[in-house]
Amino acid sequence: NAGVTQTPKFRILKIGQSMTLQCTQDMNHNYMYWYRQDPGMGLKLIYYSVGAGITDKGEVPNGYNVSRSTTEDFPLRLELAAPSQTSVYFCASSYLRGWTGHAYEQYFGPGTRLTVT
Amino acid sequence: GESVGLHLPTLSVQEGDNSIINCAYSNSASDYFIWYKQESGKGPQFIIDIRSNMDKRQGQRVTVLLNKTVKHLSLQIAATQPGDSAVYFCAELYNFNKFYFGSGTKLNVKP
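Protein sequence lines correspond, in order, to chains P and D. The numbering of the first sequence is this note's numbering, which starts it at 1 and goes up by one. The numbering of the second sequence is this note's numbering, which starts it at 1 and goes up by one.
These aren't lab readings, by the way, just hints derived from the structure by calculation. Honestly, I wouldn't trust all of these hints.
Listed next, the in silico DSSO-like pairs over lysine-lysine satisfying Cα-Cα at most 27 angstroms (straight line) [claimed, not checked]:
(1) P:Lys14 x D:Lys42
(2) P:Lys14 x P:Lys57
(3) D:Lys110 x P:Lys57
(4) P:Lys44 x D:Lys42
(5) P:Lys9 x D:Lys42
Taking the hints into account, I'd like the entire structure generated from these sequences.
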């Protein structure tokens with residue numbers, strides 16, 4: 001299993017440009033997440049999905065959009081890039097375990113380092 | 001203004017000593033917690049978890065303690081090794097599906 005893969009690894013965008021960050025997992029996990037991590041900070045949840053066709057906002061959704069057409073893929077779209085979106089973006093996935101019904105032990109991808117200038 | 005957070009709290013320990021990393025969580029309704037380790041240039045990696053109906057959980061060389069009264073978690077690493085050098089985050093599960101992460105502590109192990 002490759003686990004969680006993210007592309008690209010690095011990207012430089014000009015202000016106002018758009019791009020899609022790709023995320024794929026091959027573990028058949030229902031839950032997928034997008035986080036951003038600013039320098040020296042913890043991760044902040046942008047969007048998450050509990051299954052194909054279902055997405056919801058996290059802490060910092062403004063300026064981003066997501067879709068989940070398949071179990072495997074969870075792309076993150078930036079429509080009008082701004083310098084405030086310069087960050088490292090992590091995708092994660094997880095599965096349900098029976099004893100709590102909660103999703104946990106998230107598996108993280110290697111991250112995409114995005115710079116907007 | 002708010003600090004940009006470029007300087008993480010840092011804990012420096014000697015190789016072989018025990019390390020204790022602390023975390024304050026924000027929501028008294030959070031019922032599940034995870035400690036993650038993040039090495040430079042990589043995504044976070046699961047270390048150990050604990051449910052809110054427990055006070056303590058032990059893994060291999062790691063122990064997590066939960067004090068719900070003061071909303072505090074700690075991660076204890078026994079016999080710290082150079083490979084333990086990383087940034088450590090606690091995360092709380094809130095509102096069923098969402099995890100909220102702390103800002104992290106950098107552990108520096110001196111040989």
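A quick look at each hint next to the structure:
no., hint, verdict
1, P:Lys14 x D:Lys42, "holds, 25 angstroms"
2, P:Lys14 x P:Lys57, "holds, 25 angstroms"
3, D:Lys110 x P:Lys57, "violated, 41 angstroms"
4, P:Lys44 x D:Lys42, "holds, 16 angstroms"
5, P:Lys9 x D:Lys42, "holds, 11 angstroms"
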